[in-house]
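Add 43 to the 1-based position in the sequence shown for this note's numbering, that's all there is to it.
It should be emphasised that the hints constitute simulated quantities derived from the structure, not laboratory data. Every residue, glycine too, gets a C-beta built ideally from N, C-alpha and C. Take the hints with a grain of salt, since some may be wrong.
[Said to hold, decoys possible] Derived Cβ-Cβ restraints for the label pairs, each shown as a range:
{"no.": "1", "residue 1": "51", "residue 2": "90", "range": "37 to 43 Å"}
{"no.": "2", "residue 1": "45", "residue 2": "86", "range": "14 to 20 Å"}
{"no.": "3", "residue 1": "52", "residue 2": "91", "range": "42 to 48 Å"}
{"no.": "4", "residue 1": "81", "residue 2": "59", "range": "14 to 20 Å"}
{"no.": "5", "residue 1": "45", "residue 2": "89", "range": "28 to 34 Å"}
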Amino acid sequence: MATYLCEKCGKTIDSNELMGLPGIRCPVCGHRILYKSRSPIIRETNAR
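Starting from the given sequences, assemble the full structure and let the hints guide the process.
Written out as structure tokens, the structure reads:
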């Protein structure tokens, strides 16, 4: 599943935790700005 990072407190939040809350908020501090974590996979493409 996707993980999110709170801008204010820096806690990592699983998407399952967000489903149980009304609206999109950090369960720790209540801040509304969350960043979706990117996967660590680096993709290389060849230029044409």
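> For which of the previously enumerated hints does the structure constitute a violation, in increasing order of number?
Replying inline: none
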